[in-house]
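Chains A and G supply the protein sequences, listed in that same order. Residue numbering for the first sequence follows our numbering, beginning at 1 and increasing consecutively. Residue numbering for the second sequence follows our numbering, beginning at 1 and increasing consecutively.
Don't read these hints as lab results, they were simulated from the structure. Since we're looking at a predicted model, the values are computed, not measured. Where is the CB? At the ideal position from N, CA and C, for every residue including glycine. Keep in mind that a hint or two might mislead.
Take a look, some chain G residues computed to stay more than 12 angstroms from chain A by CB distance [claimed, not checked]:
#1 Leu215
#2 Val313
#3 Ile315
#4 Phe355
Lysine-lysine pairs mimicking DSS-like chemistry, simulated, CA-CA at most 25 angstroms apart [to be verified]:
#5 A:Lys130 - G:Lys280
#6 A:Lys71 - A:Lys130
#7 A:Lys71 - A:Lys155
#8 G:Lys231 - A:Lys155
#9 G:Lys353 - G:Lys280
#10 G:Lys229 - G:Lys383
#11 G:Lys244 - G:Lys231
#12 A:Lys71 - G:Lys420
#13 G:Lys244 - G:Lys420
#14 G:Lys383 - G:Lys405
#15 A:Lys45 - G:Lys280
#16 A:Lys155 - G:Lys405
#17 G:Lys420 - G:Lys353
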Amino acid sequence: MSEAHASDVTRRDFLYIATGAAGAVAVGGVAWPLVSQMGPNEREKAAGGPVEIDISAVEPGMLITVIWRGKPYFIRHLTETEVASAKQAPEADFIDFDTADARIAAVEGADAEWAIVAANCTHLGCVPTKVDTGLEGWICPCHGSKFDVTGRVMKGPAPTNLPLPPFVFATAEKLVIGADKAGA
Amino acid sequence: MSGHSTYNPTTGFGKFMDSRLPIARLIHDSFVSFPVPRNLNNFYTFGGILMVMLVSQIVTGIVIAMHFTPESTMAFDSVHLLRRDVSYGNTLQSWHAVGASMFFVAVYIHIFRGLYYGSYKAPREVLWILGVVIYLLMMATAFMGYVLPWGQMSYWGAQVITNFFSAIPLVGDTVREYLLGGYAVGNATLNRFFSLHYLLPFMIAGIVILHVWTLHVTGQTNPTGVEVKSKQDVIPFTPYATVKDAFAMVVFMIVMCYFVFFMPDYLGHADNYIMANPLKTPAHIVPEWYFLPFYAVLRAVDFNIGIPFTEIVLIDSKLGGVLAMFGAIAVLFFVPWLDTSDVRSANYRPMYKIFFWLFVANAVFLGYLGSRPAEGIWIPLMKASTFAYFFHFLVIMPLLGWFEKPLPRPASITDAVLAKAGNGGSSHIEGATAEPQSKG
């Protein structure tokens, strides 16, 4: 078929390449399910729906840890001094600066202020230990990272702040983690 | 090196098999008539000890797997049922757990022996690299095995170590989810670790066969570092090396039995007697002792690496720590080319000998630092010790080849042995080796 155009390309060359290409597709097709089965399964993905948490009993200074999508999250009711020191802290104290306002949540009309952050250190995933020394809010027992009361990293090796989950206050006493707006 | 086969089947069955499947000939040539240098010391017995340890781990592992339930709510209890209620379960479980530690004791002595006597030098580079591959597989196997009892240290060890992979830029988190089989360490993780923990030892056994094959192609090194030159330099593997290896094995086993029967939990952590709790990290989380030096390297990097005087971060502290830790192992692959000296044995390398022992002391110190919390004075010490570790491989090893003046080496193994015996057999020393090496 191709003799007329290029005498140095034979039918056999074509067959080698075509067979090789088909073989590569077949290998890929076999490898795909073998790799794909390693990922989170459908039930695990479906289990990621929002969770409702009753926060009425959490007094200022208290911390509760809840599980959403298999991972722990801190819900910390901040005291007035903690809020004040977080807002006054200079940018230089932080590795991955973000404003305190962006990280403190409050229900409109209520005076309670909350830090709702992921509870796995952004270094290697340990759960930091709560401390109450002024601005410092958590110290990771594994590798010594420090976070302020709003979860902003103050000392490495953690590279970034504790992430904020999507959440919404359904009422002043009910927090929904995993939803962006009420009823979602 | 092995030369002609001296196997001579005598029975009818032996002759029948020899012309069809000559496996008896292979074993005879590899472990009976195989010539070994006549001057091997006790440090050369650890290869045999390691083989026995691998078999011991596989055998005890297979039987305790018969009692293990790889399910996150039941795994912890199944291990304790094994220890309390299964006949001899306590001994078998201890043997497997202590065996992992003793396996690493033997492999570290084996590796340091290789570094001291220059066992990695041409023509044994591939032999050395296969050894490093075995070491890596051992680490993976030991790590996954430690997760299976599903205690607090198991769980948080898995959490920390799988998080190494989330440091990979862009795809890190996805890679980690595929390792864990979920968004967090959980039942899927436990299941696959059990599967892989069962698989990897057999992969190790496969690489061990290649490791021994390369050894039998090049022949063993020996404390003089001088290659075998004549039949006088060697003795047959059996009975000489067999008996020496067996004796060392007995001594090694006495130590191991002391741990198994009198202090089975000494090398473990009390926290692992608490079932895994995803909400609470133990106050002081440390890996098993054999990973401590690398753990110290990981924690030594608590700073971002960026372009100076700018805010641009090229490698953040997390990726930096993980790269340093993997680098500490990866550097071993390049040792055959980092060492530029032509002289094999440290016995004839006065400067390397000093640096070698400094390196050993630093490696042990690094392990101690790995067990300390990441605070106060320990952090600068971790940095200094990590620096010294890499400095040894990347600067001292290459430079010594140029600056070191090696001592005169014996003309042959036999000469060295006879000189040591004191009957004046060392008459012909290679004079030329006393000069500093001239390098391009």
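Do the alpha carbons of lysine 45 of chain A and lysine 280 of chain G lie within 25 angstroms of each other, as the hint requires?
-> 24 angstroms, holds
Taking 25 angstroms as the top limit, are the C-alpha atoms of lysine 244 of chain G and lysine 420 of chain G close enough?
-> 20 angstroms, holds
Pair hint outcome, lysine 231 of chain G versus lysine 155 of chain A [Cα-Cα no greater than 25 angstroms] | At roughly 64 angstroms apart (the allowed maximum being 25 angstroms), lysine 155 of chain A and lysine 231 of chain G break the hint.
Regarding the pair lysine 383 of chain G and lysine 405 of chain G, is the alpha-carbon distance no greater than 25 angstroms?
-> 31 angstroms, violated
Per the stated criterion, does the least C-beta distance between phenylalanine 355 of chain G and chain A lie above 12 angstroms, as a non-interface residue requires?
-> 30 angstroms, holds
Pair hint outcome, lysine 229 of chain G versus lysine 383 of chain G [Cα-Cα no greater than 25 angstroms] | 46 angstroms, violated
Measure nothing beyond the straight line between the CA atoms of lysine 420 of chain G and lysine 353 of chain G; if it is 25 angstroms or shorter, mark the hint as holding.
-> Distance of about 20 angstroms is within 25 angstroms: holds.
Just checking, valine 313 of chain G versus chain A, shortest CB gap more than 12 angstroms?
-> 8 angstroms, violated
Is the hinted pair lysine 130 of chain A and lysine 280 of chain G satisfied, with a Cα-Cα distance of at most 25 angstroms?
-> The hint holds at about 11 angstroms.
Restraint status (C-alpha distance of lysine 71 of chain A to lysine 130 of chain A at most 25 angstroms) | Distance of about 17 angstroms is within 25 angstroms: holds.
Is lysine 155 of chain A within 25 angstroms of lysine 405 of chain G, Cα to Cα?
-> Distance of about 47 angstroms is beyond 25 angstroms: violated.
Pairwise hint evaluation, lysine 231 of chain G against lysine 244 of chain G, where the allowed Cα distance is 25 angstroms at most | 20 angstroms, holds
Hint check: violations occur at hints 2, 3, 8, 9, 10, 12, 14, 16; the rest are consistent with the structure.
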